Amino acid sequence: DQQVKQNSPSLSVQEGRISILNCDYTNSMFDYFLWYKKYPAEGPTFLISISSIKDKNEDGRFTVFLNKSAKHLSLHIVPSQPGDSAVYFCAAGPFYNDMRFGAGTRLTVKP
Amino acid sequence: GAGVSQSPSNKVTEKGKDVELRCDPISGHTALYWYRQSLGQGLEFLIYFQGNSAPDKSGLPSDRFSAERTGGSVSTLTIQRTQQEDSAVYLCASSATNSPLHFGNGTRLTVT
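Protein chains in written order, with this note's numbering: chain A, 461 to 571; chain B, 589 to 700.
One thing to keep in mind: the hints can contain errors.
As the list claims (entries may be wrong) - Mimicking EDC-like on lysine to aspartate or glutamate, the simulated pairs with C-alpha atoms at most 20 Å apart in a straight line are: (1) B:Lys-599 with A:Glu-502; (2) A:Lys-531 with A:Asp-484; (3) A:Lys-531 with A:Asp-515; (4) A:Lys-570 with A:Asp-544; (5) A:Lys-465 with A:Asp-491; (6) A:Lys-528 with A:Glu-518; (7) B:Lys-645 with A:Asp-558; (8) A:Lys-528 with A:Asp-515; (9) A:Lys-465 with B:Glu-632.
Everything labelled a hint here was simulated from the structure, so no lab data went into it.
As the structure is a prediction and not an experimental result, all values here were calculated from the model.
Go ahead and model the full structure; you've got the sequences and the hints to work with.
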């Protein structure tokens with residue numbers, strides 16, 4: 461029962477360009493959407509979130525876009541830096557304490 | 589340290605043995621979660637503790653898995669009679685009310 465899907469297991473981008481990571485969900489009752497970033501041998505760390513009352517949230521180089529009608533969200537990183545290379549997890553749920561996670565997308569930013 | 593602490597960081601065990609994984613949440617966080625990540629998979633929810641309420645055990649894959657949280661703080665995840673399919677990274681997270689989860693670095697469990 462994959463309620464949150466990240467269909468691209470990997471993405472490679474040149475330093476300085478934009479990285480776009482995508483996520484789809486199936487449950488229209490989901491109101492909270494988060495992105496986590498994970499380095500090897502570390503736990504995921506919270507990156508940015510958005511609630512269903514918004515369609516965009518920006519924090520520095522990171523912007524999350526939400527399209528509720530399409531049940532789709534995306535994370536934009538611009539400009540991408542080599543230190544952004546990590547696995548990015550999308551999470552969605554009706555509450556913060558009831559989140560479903562995607563399988564992750566491995567981002568590689570090439571110098 | 590102010591983060592979520594998990595121990596051990598790595599555990600290798602023989603099939604059929606029991607294992608205990610420990611989690612120290614961030615002080616003051618009322619919610620505690622256990623997830624696991626198998627190779628190439630996303631984060632699979634296992635169990636959730638909130639304050640003094642009965643835990644949400646809906647994600648536990650079998651009755652070989654159990655968890656407890658003593659005194660509203662430290663939690664132990666126990667896996668009895670381990671199987672090879674239990675091999676995964678077990679992640680603990682804690683959170684304040686209506687806030688994002690803070691994860692520990694996980695315990696990598698290998699069942700041989």
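Hints, one by one, checked against the model:
Taking the CA atoms of B:Lys-599 and A:Glu-502, the gap is near 16 Å; set against the 20 Å cutoff, the hint holds. Restraint check for A:Lys-531 and A:Asp-484: the C-alpha separation of about 6 Å stays at or below 20 Å, so the hint holds. A distance of roughly 11 Å separates the Cα atoms of A:Lys-531 and A:Asp-515; the hinted pair therefore holds under the 20 Å criterion. Distance hint between A:Lys-570 and A:Asp-544 is fulfilled; the C-alpha atoms sit about 10 Å from each other, no more than 20 Å.
Under the criterion of a C-alpha separation no larger than 20 Å, the hint pairing A:Lys-465 with A:Asp-491 is consistent with the structure, at around 16 Å. Restraint check for A:Lys-528 and A:Glu-518: the C-alpha separation of about 17 Å stays at or below 20 Å, so the hint holds. Annotation: proposed proximity of B:Lys-645 to A:Asp-558 holds, straight-line Cα distance about 12 Å (limit 20 Å). As the CA atoms of A:Lys-528 and A:Asp-515 are separated by approximately 8 Å, the hinted pair is consistent with the 20 Å bound.
A distance of roughly 13 Å separates the Cα atoms of A:Lys-465 and B:Glu-632; the hinted pair therefore holds under the 20 Å criterion.
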